[in-house]
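Peer 1: I would like the entire structure built from these sequences, with the hints used as guidance.
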Amino acid sequence: MKLTVGGNVKEYKEGMTVGELIEAEDVKTPMYVTVSVNDEFVESGDFASTTLNENDTVEFLYFMGGGR
Amino acid sequence: MAFSNEQLERYSRHIILKEIGVKGQKRLMEGSVLIIGAGGLGSPAALYLAAAGVGRIGVADADVVEISNLQRQVIHATPDVGVPKVESARDKMNAINPDVKVETFRALVDGENVMELISRYDFIIDGTDNFGAKFLINDACVIAKKPFSHAGILRFQGQLITYVPGEGPCYRCLFPAPPPPDAIPTCSQAGVIGAMAGVIGCLQALEAVKYLARAGKLLTGVLLTYDALTMEFRRVKTPARRNCAVCGVDAAITEAVNCVAAPVCEGINI
Ligand SMILES: [Zn+2]
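From first to last, the protein sequence lines are chains D and H. Counting from 189, one number per residue, gives the positions in the first sequence under my numbering. Counting from 2, one number per residue, gives the positions in the second sequence under my numbering.
Among the clues, some could well be false.
To be verified - Here are the computed lysine to any residue pairs in the SDA-like style, where the Cα-Cα straight-line distance is at most 25 Å: (1) D:K216 x H:L230; (2) H:K218 x D:E228; (3) H:K238 x D:E208; (4) H:K27 x H:R14; (5) D:K198 x D:V221; (6) D:K190 x H:V237; (7) D:K190 x H:K238; (8) D:K198 x H:M232; (9) D:K190 x H:P240; (10) D:K198 x H:L230; (11) H:K146 x H:M30; (12) H:K218 x H:R236; (13) H:K146 x H:L230; (14) H:K146 x H:S33; (15) H:K218 x H:G56; (16) D:K216 x H:R235; (17) D:K201 x D:S237; (18) H:K238 x D:T222; (19) H:K211 x H:R235; (20) H:K238 x D:V197; (21) H:K93 x D:E202; (22) H:K238 x D:S232; (23) H:K238 x D:T238.
Claimed, not checked - Per the computed footprint, the stretches of chain D lying under chain H, defined by three or more beta-carbons under 8 Å from a beta-carbon of chain H, are: (24) 197–204; (25) 227–235.
Hint data in this document are derived by calculation from the structure and do not stem from the laboratory. The beta carbon of each residue, even a glycine, is placed where N, CA and C say it ideally should be.
Peer 2: The following block contains the structure:
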């Protein structure tokens with residue numbers, strides 16, 4: 189199935205969960221990433237149980253704490 | 002407020018813009034901005050807001066200028082090493098534009114002083130370097146109903162979002178709680194490209210100018226991310242969280258308190 193992840197359209201395996209996508213995309217800080225699917229946030233406790241569907245748009249938001 | 006001839010000349014490039022004009026410039030001159038952190042992000046923001054003629058600008062920072070700051074904190078110069086950052090910043094801002102009233106606060110912004118401090122300004126710029134301060138400023142601004150610009154930088158990346166009360170998510174909607182200390186690399190551990198602070202700090206200044214002059218659209222509900230290695234800007238739509246602990250329904254956080262977190266970008270203390 190096709191997903192748009194961080195603005196890039198790619199092919200992923202059918203029925204993939206948010207948790208599996210985090211692993212597949214090699215997210216460096218999987219414990220602290222915020223995920224939105226189709227502009228709705230997924231609670232971090234629900235990553236493993238949230239299944240993705242064809243044409244979903246997924247965004248990863250990362251902590252960035254610097255400023256000085 | 003009538004413009005003097007000098008002001009008409011000084012601000013002519015603003016006044017000629019139809020989105021700013023005489024009206025917008027007047028709003029800037031009657032407006033006020035608080036910059037928390039006179040560092041990488043705060044430096045360009047302070048320079049451009051002073052140049053723009055924002056009437057009153059507060060600068061809050063507890064530290065003195067260190068040599069490791071100078072790679073990116075462009076409001077400070079080599080002779081300023083050892084000088085309080087707020088004084089160094091004020092001198093440059095006054096030199097650029099003597100019309101601007103610069104108010105300095107040589108203090109760490111914390112749970113004790115944050116509400117009083119932000120209450121005196123129209124718009125707040127978060128130029129701090131640690132998650133404790135970033136969450137504190139968010140919570141204080143949400144509770145006080147103050148618009149503010151949040152930003153973060155690391156390595157070759159930066160991001161920012163603007164909070165306006167009632168118009169989209171706050172920082173805590175994006176990230177419900179600060180990460181534990183050392184979970185996320187800091188700039189002193191991982192580095193940051195100096196000009197990144199310039200890009201993102203200037204974007205924060207633009208948001209403040211647009212808010213005060215009521216021009217264009219702000220980054221509400223949109224996290225703008227920038228990657229300097231690929232030169233890609235992305236607008237990531239971000240909803241508000243209904244169960245957000247500070248801006249959501251039945252919010253549990255009703256007071257801005259310090260969260261303990263290690264500095265992220267302070268460089269090596271000498
Ligand atoms: Zn919120």
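Peer 1: Taking the hints in turn, state whether each one holds.
Peer 2: Cross-check of the supplied hints:
1. For the hint pairing D:K216 with H:L230, the CA-to-CA distance comes to about 18 Å; that is within 25 Å, so the pair holds.
2. Only pairs whose Cα atoms come within 25 Å are accepted, and H:K218 paired with D:E228 is accepted, the gap being roughly 22 Å.
3. Among the hinted pairs, H:K238 with D:E208 is consistent with the structure: their alpha-carbon atoms are about 23 Å apart, no more than 25 Å.
4. Restraint check for H:K27 and H:R14: satisfied, since their Cα atoms lie roughly 14 Å apart, inside the 25 Å limit.
5. Distance check on the hinted pair: D:K198 and D:V221 sit about 20 Å apart at the alpha-carbon level, within 25 Å; holds.
6. Only pairs whose Cα atoms come within 25 Å are accepted, and D:K190 paired with H:V237 is accepted, the gap being roughly 19 Å.
7. With a C-alpha separation of about 20 Å, the suggested pairing of D:K190 with H:K238 holds against the 25 Å cut-off.
8. Taking the CA atoms of D:K198 and H:M232, the gap is near 21 Å; set against the 25 Å cutoff, the hint holds.
9. Among the hinted pairs, D:K190 with H:P240 is consistent with the structure: their alpha-carbon atoms are about 23 Å apart, no more than 25 Å.
10. Taking the CA atoms of D:K198 and H:L230, the gap is near 22 Å; set against the 25 Å cutoff, the hint holds.
11. For the suggested pair H:K146 and H:M30, the alpha carbons sit about 22 Å apart, so the restraint of at most 25 Å is met.
12. Proximity of H:K218 to H:R236 is assessed by CA-CA distance (about 13 Å); at most 25 Å being required, the pair is judged to hold.
13. Proposed proximity of H:K146 and H:L230 is contradicted: the alpha carbons are some 36 Å apart, above 25 Å.
14. Taken as a hint, the H:K146 and H:S33 pair is honoured in the structure, with Cα atoms around 15 Å apart against an allowance of 25 Å.
15. With a C-alpha separation of about 22 Å, the suggested pair H:K218 and H:G56 falls inside the 25 Å cut-off, and the hint holds.
16. With a C-alpha separation of about 20 Å, the suggested pairing of D:K216 with H:R235 holds against the 25 Å cut-off.
17. For the given pair, D:K201 sits about 16 Å from D:S237 by alpha-carbon distance, which is consistent with the 25 Å threshold.
18. In summary, the hint linking H:K238 to D:T222 is supported, as the alpha carbons are separated by about 13 Å, within the 25 Å threshold.
19. Proposed proximity of H:K211 and H:R235 is supported: the alpha carbons are some 20 Å apart, at most 25 Å.
20. Taking the CA atoms of H:K238 and D:V197, the gap is near 17 Å; set against the 25 Å cutoff, the hint holds.
21. For the suggested pair H:K93 and D:E202, the alpha carbons sit about 58 Å apart, so the restraint of at most 25 Å is broken.
22. A C-alpha spacing of about 18 Å is found between H:K238 and D:S232, which places the hinted pair at or below 25 Å, so the restraint holds.
23. The suggested pairing of H:K238 with D:T238 holds, with an alpha-carbon distance near 20 Å, which does not exceed 25 Å.
24. Coverage of a stretch by a chain is defined here by at least three residues with a beta carbon nearer than 8 Å to that chain's beta carbons; for the region 197–204 of chain D and chain H the count is 0, and the condition is violated.
25. Figure legend: the region 227–235 of chain D, annotated as covered by chain H; annotation consistent (3 residues with Cβ-Cβ distances under 8 Å, at least 3 required).
Violated hints for the displayed structure, listed by number in ascending order: 13, 21, 24.
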